[in-house]
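Between the sequences and the hints, there should be enough to build the whole structure, so can you do that?
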Amino acid sequence: DQQVKQNSPSLSVQEGRISILNCDYTNSMFDYFLWYKKYPAEGPTFLISISSIKDKNEDGRFTVFLNKSAKHLSLHIVPSQPGDSAVYFCAAPLTGNQFYFGTGTSLTVIP
Amino acid sequence: DVKVTQSSRYLVKRTGEKVFLECVQDMDHENMFWYRQDPGLGLRLIYFSYDVKMKEKGDIPEGYSVSREKKERFSLILESASTNQTSMYLCASSLIPYNSPLHFGNGTRLTVT
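These protein sequences, in sequence, are chains A and B. Reminder that position 34 of the first sequence reads as 34 in our numbering, one-by-one numbering, no gaps. Add 1000 to a position in the second sequence, counting from 1, and you land on the number used in our numbering.
It is possible that some hints are incorrect.
[To be verified] Pairs of lysine-lysine, BS3-like flavour, derived with a Cα cap of 27 Å: (1) A:K37 - B:K1057; (2) B:K1055 - B:K1003; (3) B:K1018 - B:K1071; (4) B:K1071 - A:K5; (5) A:K56 - A:K71; (6) B:K1003 - B:K1057; (7) A:K37 - B:K1003; (8) A:K68 - A:K37.
It is worth saying that the hints were derived from the structure and are not from the lab. Only a predicted model underlies this, so the values are computations on that prediction, with no experimental measurement involved.
The following block contains the structure:
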């Protein structure tokens, strides 16, 4: 059973606009969440994280929001740039270093 | 910067062959992982190791084994390759705290014919 879900396989956004990528989870034991970015033919790279004691974490153009009651998190990219075109995975770890990944959302930023 | 190196970017093997995928990390990380990535399925954990000679099964260990003889090296072994093992294989490492980010290698695209 998928404990971390990304229901949108793809997203297209105009350059300069906001990109919003969504992620839902089912396990209330998750207390830490991460976003990874993956270019074709490369491994995923860590982008940003958030602890469950926070509801927002910001790093430059990237902001992650966490709504624990809804078991939902989102990644906002403002402004979107063509170099942001990639597949984005959300992930959550449990003790024992078992990471659960979503299925990914492919973001295309149109120049 | 952490560097995780996978020995091959692309591999083509025949059904029934024994296949070795090698991974080396240079940051003295305790934990190492093998994932496979398939379209629509995301990243699925095959095996992980939290210490030399220690290993734990992930979600999809069937048809695979692993070896960790040295801290920096974690090998994935396909005992008898099958076509359904055609995939992108990703190695990762991390520090001990469970929420430490994973650092991934660039992946090995394995095709089994």
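Status of each hint after checking the structure:
no.: 1; hint: A:K37 - B:K1057; verdict: holds, 26 Å
no.: 2; hint: B:K1055 - B:K1003; verdict: holds, 21 Å
no.: 3; hint: B:K1018 - B:K1071; verdict: holds, 23 Å
no.: 4; hint: B:K1071 - A:K5; verdict: violated, 33 Å
no.: 5; hint: A:K56 - A:K71; verdict: holds, 14 Å
no.: 6; hint: B:K1003 - B:K1057; verdict: holds, 24 Å
no.: 7; hint: A:K37 - B:K1003; verdict: holds, 17 Å
no.: 8; hint: A:K68 - A:K37; verdict: holds, 23 Å
Checked against the numbered hints given earlier, this structure breaks only hint 4.
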